[in-house]
Amino acid sequence: MITTKTILQPEVLEAVVVRFVGDSGDGMQLTGTQFTDTSAMFGNDIATFPNYPSEIRAPQGSLYGVSGFQVHIGSVEISTPGDNVDLLVAMNPAALKTNLYAVKPGHTIIVDTDSFTKKNLDKAEYKTNPLEDGSLENYRVIQVDMTTMTKEALKDVEGLDNKSITRSKNMFALGMVYWMYNRPKDHTVDFFNKKFKGKQHLIEANTKVLNAGYYFAETLELIPNAYTISPAKMIPGTYRIIGGNTATAWGLLAAAEKSGLELFLGSYPITPATDILHELVKHKHFGVKAFQAEDEIAGVTSAIGAAFAGDLAITTTSGPGLALKGEAIGLAMMVELPLVIINVQRGGPSTGLPTKTEQSDLMQAMYGRNGESPVIVIAASTPSNCFNFAYEAARLALEHMTPVILLTDGYIANGSAPWKIKSTADMPAIKNHKIAKIKENWSPYDRDEKTLARNWPVPGTPGLEHRIGGLEKDRVTGNISYEPINHEEMTRIRAEKVRLVENNIPELKTEFADSGDLLVIGWGGTYGSLHSAVKQISDEGYKNIGFAHFNYINPMPKNTEEILSKYKKIIVCELNAGQFVSILKTRFTKFEFSQHNKIQGLPFSNDELIQHFKQLV
Amino acid sequence: METTTAVKKYTFKDFTSDQEVRWCPGCDDYVILRSMQKALPEMGVNKEDVVFISGIGCSSRFPYYMSTYGMHTIHGRAPGIASGVKLANPNLSVWVMTGDGDSMAIGGNHFIHLLRRNIDLNMVMFNNEIYGLTKGQFSPTSIIGQKTKSSPYGNTQPPFSPGELALGANARFFARIGGNNPKDMTQIFIDAHKFKGTSLIEVLQNCVIFNDGCFDEVTDKEVKEDKQIFLEHGKPMIFGKNNDKGLVLNKLKLEVVTIGENGITQEDILVHNAKEEDKTLHQMLVRLEYPLATGVIRSFTDVTLEEREDALTAQVKSNSKFKKADDLFFSGETYEVK
Ligand SMILES: Cc1ncc(C[n+]2csc(CCOP(=O)(O)OP(=O)(O)O)c2C)c(N)n1
Ligand code: SF4
Ligand SMILES: [Mg+2]
Numbered sequence: 193m194i195t196t197k198t199i200l201q202p203e204v205l206e207a208v209v210v211r212f213v214g215d216s217g218d219g220m221q222l223t224g225t226q227f228t229d230t231s232a233m234f235g236n237d238i239a240t241f242p243n244y245p246s247e248i249r250a251p252q253g254s255l256y257g258v259s260g261f262q263v264h265i266g267s268v269e270i271s272t273p274g275d276n277v278d279l280l281v282a283m284n285p286a287a288l289k290t291n292l293y294a295v296k297p298g299h300t301i302i303v304d305t306d307s308f309t310k311k312n313l314d315k316a317e318y319k320t321n322p323l324e325d326g327s328l329e330n331y332r333v334i335q336v337d338m339t340t341m342t343k344e345a346l347k348d349v350e351g352l353d354n355k356s357i358t359r360s361k362n363m364f365a366l367g368m369v370y371w372m373y374n375r376p377k378d379h380t381v382d383f384f385n386k387k388f389k390g391k392q393h394l395i396e397a398n399t400k401v402l403n404a405g406y407y408f409a410e411t412l413e414l415i416p417n418a419y420t421i422s423p424a425k426m427i428p429g430t431y432r433i434i435g436g437n438t439a440t441a442w443g444l445l446a447a448a449e450k451s452g453l454e455l456f457l458g459s460y461p462i463t464p465a466t467d468i469l470h471e472l473v474k475h476k477h478f479g480v481k482a483f484q485a486e487d488e489i490a491g492v493t494s495a496i497g498a499a500f501a502g503d504l505a506i507t508t509t510s511g512p513g514l515a516l517k518g519e520a521i522g523l524a525m526m527v528e529l530p531l532v533i534i535n536v537q538r539g540g541p542s543t544g545l546p547t548k549t550e551q552s553d554l555m556q557a558m559y560g561r562n563g564e565s566p567v568i569v570i571a572a573s574t575p576s577n578c579f580n581f582a583y584e585a586a587r588l589a590l591e592h593m594t595p596v597i598l599l600t601d602g603y604i605a606n607g608s609a610p611w612k613i614k615s616t617a618d619m620p621a622i623k624n625h626k627i628a629k630i631k632e633n634w635s636p637y638d639r640d641e642k643t644l645a646r647n648w649p650v651p652g653t654p655g656l657e658h659r660i661g662g663l664e665k666d667r668v669t670g671n672i673s674y675e676p677i678n679h680e681e682m683t684r685i686r687a688e689k690v691r692l693v694e695n696n697i698p699e700l701k702t703e704f705a706d707s708g709d710l711l712v713i714g715w716g717g718t719y720g721s722l723h724s725a726v727k728q729i730s731d732e733g734y735k736n737i738g739f740a741h742f743n744y745i746n747p748m749p750k751n752t753e754e755i756l757s758k759y760k761k762i763i764v765c766e767l768n769a770g771q772f773v774s775i776l777k778t779r780f781t782k783f784e785f786s787q788h789n790k791i792q793g794l795p796f797s798n799d800e801l802i803q804h805f806k807q808l809v
Numbered sequence: 002m003e004t005t006t007a008v009k010k011y012t013f014k015d016f017t018s019d020q021e022v023r024w025c026p027g028c029d030d031y032v033i034l035r036s037m038q039k040a041l042p043e044m045g046v047n048k049e050d051v052v053f054i055s056g057i058g059c060s061s062r063f064p065y066y067m068s069t070y071g072m073h074t075i076h077g078r079a080p081g082i083a084s085g086v087k088l089a090n091p092n093l094s095v096w097v098m099t100g101d102g103d104s105m106a107i108g109g110n111h112f113i114h115l116l117r118r119n120i121d122l123n124m125v126m127f128n129n130e131i132y133g134l135t136k137g138q139f140s141p142t143s144i145i146g147q148k149t150k151s152s153p154y155g156n157t158q159p160p161f162s163p164g165e166l167a168l169g170a171n172a173r174f175f176a177r178i179g180g181n182n183p184k185d186m187t188q189i190f191i192d193a194h195k196f197k198g199t200s201l202i203e204v205l206q207n208c209v210i211f212n213d214g215c216f217d218e219v220t221d222k223e224v225k226e227d228k229q230i231f232l233e234h235g236k237p238m239i240f241g242k243n244n245d246k247g248l249v250l251n252k253l254k255l256e257v258v259t260i261g262e263n264g265i266t267q268e269d270i271l272v273h274n275a276k277e278e279d280k281t282l283h284q285m286l287v288r289l290e291y292p293l294a295t296g297v298i299r300s301f302t303d304v305t306l307e308e309r310e311d312a313l314t315a316q317v318k319s320n321s322k323f324k325k326a327d328d329l330f331f332s333g334e335t336y337e338v339k
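Chains as they are written, first to last, in the working numbering: chain A, 193 to 809; chain B, 2 to 339.
To be clear, the hints were calculated from the coordinates, so they are not data collected in a lab.
Hints may contain errors.
Each computed BS3-like pair below joins lysine-lysine, with the alpha-carbon atoms no more than 30 Å apart [said to hold, decoys possible]:
id: 1; chain 1: A; residue 1: 310; chain 2: A; residue 2: 289
id: 2; chain 1: B; residue 1: 322; chain 2: A; residue 2: 476
id: 3; chain 1: B; residue 1: 325; chain 2: A; residue 2: 386
id: 4; chain 1: A; residue 1: 343; chain 2: A; residue 2: 311
id: 5; chain 1: A; residue 1: 612; chain 2: B; residue 2: 324
id: 6; chain 1: A; residue 1: 612; chain 2: B; residue 2: 322
id: 7; chain 1: A; residue 1: 476; chain 2: A; residue 2: 631
id: 8; chain 1: B; residue 1: 339; chain 2: A; residue 2: 612
id: 9; chain 1: B; residue 1: 318; chain 2: A; residue 2: 614
id: 10; chain 1: B; residue 1: 339; chain 2: A; residue 2: 614
id: 11; chain 1: B; residue 1: 339; chain 2: A; residue 2: 387
id: 12; chain 1: B; residue 1: 318; chain 2: A; residue 2: 450
id: 13; chain 1: B; residue 1: 324; chain 2: A; residue 2: 389
id: 14; chain 1: B; residue 1: 252; chain 2: B; residue 2: 184
id: 15; chain 1: A; residue 1: 355; chain 2: A; residue 2: 296
id: 16; chain 1: A; residue 1: 450; chain 2: B; residue 2: 322
id: 17; chain 1: A; residue 1: 355; chain 2: A; residue 2: 319
id: 18; chain 1: A; residue 1: 474; chain 2: B; residue 2: 322
id: 19; chain 1: A; residue 1: 701; chain 2: B; residue 2: 184
id: 20; chain 1: B; residue 1: 222; chain 2: B; residue 2: 236
id: 21; chain 1: B; residue 1: 39; chain 2: A; residue 2: 631
id: 22; chain 1: B; residue 1: 280; chain 2: B; residue 2: 252
Just a sample of chain A residues kept apart from chain B, beta carbon distances all over 10 Å, derived [claimed, not checked]:
id: 23; residue: 492
id: 24; residue: 643
id: 25; residue: 709
Note that this is a predicted model, so its numbers are computed, not measured.
Backbone N, C-alpha and C fix where the C-beta goes; we use that ideal spot for every residue, glycine too.
Go ahead and model the full structure; you've got the sequences and the hints to work with.
Now the structure itself:
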């Protein structure tokens, strides 16, 4: 039954946002992933974002047990999972209640009416049934008794218990959505064949339900095949859909192979960084040594040991873990060993919002250690470029003999997007400073003239035996030294070494207006939101707005000042209370910076950005 | 220990660095240093393959005085660093040099996990029952009532027994030795090196400045033979100046008996089996106050973490279709955009 009075007109859409929501047991992640993969193969550009409850098994039907998966697909460039949902598929009242805010009036909602029982309505804290009380009048609500129809479709399949029958209703929903957006079913059918290999009844059941949903949508003429989304104009090549954390792990694999070093990971599980550990432990075939330590301190210290012994050493964590690693990162900085620290930021402070996103660890990454201890800080900005920046973190650590902190965040780490697969052969070369032979008057603190990177004598090499440590060392011999002037010189050398990295990184680029009234600045995981907001406003005719996004934070690109000077106003947008802007203010005192901040555990929405930018021009 | 190149011949001088040793004169740390420098040439290991890792404390200055590879790291964290070194290059002989505070206070968590995992490396704990470097606060091994700078009226916190803690954490190798006994200490270092798995050696180390004489009752030359039993695998548990005292099991307790009294003969005395997997008796020996058990108390050969990891890696490698990163990147669900 369809309550909408309006007949939908067929239209060709540039982009559409679909959100699947249900109980954590309803299989929404799977449904979303299938829709994503099918659309990707169809040639669309894509961005996705999963949203699951922090509780592993929250009570059925509860508001906090709702799990969701959002997909943004388009024939145009897609840079965020989208703000406004065009189609919401809600499998129960709690899912509807917690997600309705994202659907604008006039847009479509599919609900499983079978789940709108008194019990479920109570659990969702609905006093009256929203399907009956008129509160959804402004939406196109498609009411489907999905559970009943799933059961009906499966009445002839043998060997299924009640639970597996009700569980497959997500495929009914998927079938409907496939028809609505004119997607082929074969990828998902192939998937069933692989996943349930040998379990013929499950293959049959899932395929039947998927078809049932598809034909249901087709037969009910009330849902015209309204939307089509043509393939996007993407650079030709081989693609895959990749999530940010996987991309990060793969970037490290590529860096290890390219540098000819073995990969060592020392880590302790923490949301949302754990999936990098999960991914790397799989790759023993590449000789990856992944060590799950007893805590974050042991995670980073084991990595420091591996770096001393000559491996490409990594530690991965999130904010609270970075806090624990601080002292050891200071050691790595002091002994000048290459070390990659990956911090997948989440909402802070303290335990904060573990499953939500934020950019509030920037100051911690920059300054969260005792003493003068500068390290390289870089940030990835999209799920797929996590690959590039993980690779880049490894390259810079090895070429400059210093710790590198790579910041990603829950938003890009859990989100996914098409990735034009990079072959290791196409990645830049990675040098390192290992030495094999002893020269006269040799010291472990001999430095490369251009970069000030010290050499990297590795245990096992005859003649290069040496001791390093956290105590201040003589700038020439590397022996312990408490000499006042030497300490000041060493402090300056360590800072200069990090500053010189600016010669080994690309310049800052601007998009849209390359000079003008307003420069929008962002860094890290907000690229997608900021880019699409500036694009929209520029498409609307505001041609004097430029956009610069930072991936290199310490040091910053050499041309930063030059770019800042080309605009009348500058606005720095961050998901924190203003951390990057305060770094910019201290460094570039002659400019005035305004700021836009959001600290809700959520990404920026297009509307809020556009509204703010328009006020400024 | 596998080595890649033929083992060179060394003397203790080859292991002495050019750095001036800065421990207080008379400190047992000198004995430990000298014993290690003497043990290394006997181990059959090349100098470039030896790595000393320490935390922070007087004891942790140790790596600076050796001419091998070394790293003086941060307080309590040497086990993590050493584990990383060993896992990165299993060919190295890795030594953790630590104090009672470094290993059991700030580093207590790493200490137990190191022992649990059984990575093939060695740890020497300089137990002086005090914080030396920070000038005399009580440590996790200080006894109740001990007057220190941070317990002027006497320590109220009951101590750990390192051996008990270690065996509780499933240490496969545990030895204890007096800090004034370089000869046996040297041999124990060699034994520890040869042992495959994590070896822990507790040295009863006299701190002449902040806790002088704390072990005198058992380590003093005059009383040593009567107050200590030096255990050797396969030998009867006999001690005493006259070699007439021995240990027997009486119900669930170890008991000291005199050979020749009450019909006791040498046959009745327990024989030390350090290699036994069951640690019940080792635990009793570790707890014993009179005589204090020294020597290698436990030396049970178990699978090491590296062996487990290597076996898995070999298996995964032989079953895998991925030889290069590209094989992975282009595998599975990919699609072409034309
Ligand atoms: C994080 C940190 N906390 C505290 C200290 C101060 N500190 C240095 S050594 C030490 C205690 C050392 O005692 P122990 O391990 O027994 O070594 P000893 O000096 O007795 O050989 C302390 C508290 C430090 N260096 N780092
Ligand atoms: S303070 Fe004690 S432990 Fe430290 S060097 Fe002096 S005597 Fe040795
Ligand atoms: Mg001590």
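Hint-by-hint comparison with the structure:
no.	hint	in the structure
1	310/A to 289/A	holds, 15 Å
2	322/B to 476/A	holds, 12 Å
3	325/B to 386/A	holds, 25 Å
4	343/A to 311/A	holds, 21 Å
5	612/A to 324/B	holds, 21 Å
6	612/A to 322/B	holds, 22 Å
7	476/A to 631/A	violated, 37 Å
8	339/B to 612/A	holds, 12 Å
9	318/B to 614/A	holds, 23 Å
10	339/B to 614/A	holds, 16 Å
11	339/B to 387/A	holds, 29 Å
12	318/B to 450/A	holds, 19 Å
13	324/B to 389/A	holds, 26 Å
14	252/B to 184/B	violated, 35 Å
15	355/A to 296/A	violated, 34 Å
16	450/A to 322/B	holds, 19 Å
17	355/A to 319/A	holds, 29 Å
18	474/A to 322/B	holds, 13 Å
19	701/A to 184/B	violated, 68 Å
20	222/B to 236/B	holds, 23 Å
21	39/B to 631/A	holds, 29 Å
22	280/B to 252/B	holds, 17 Å
23	492	violated, 8 Å
24	643	holds, 23 Å
25	709	holds, 37 Å
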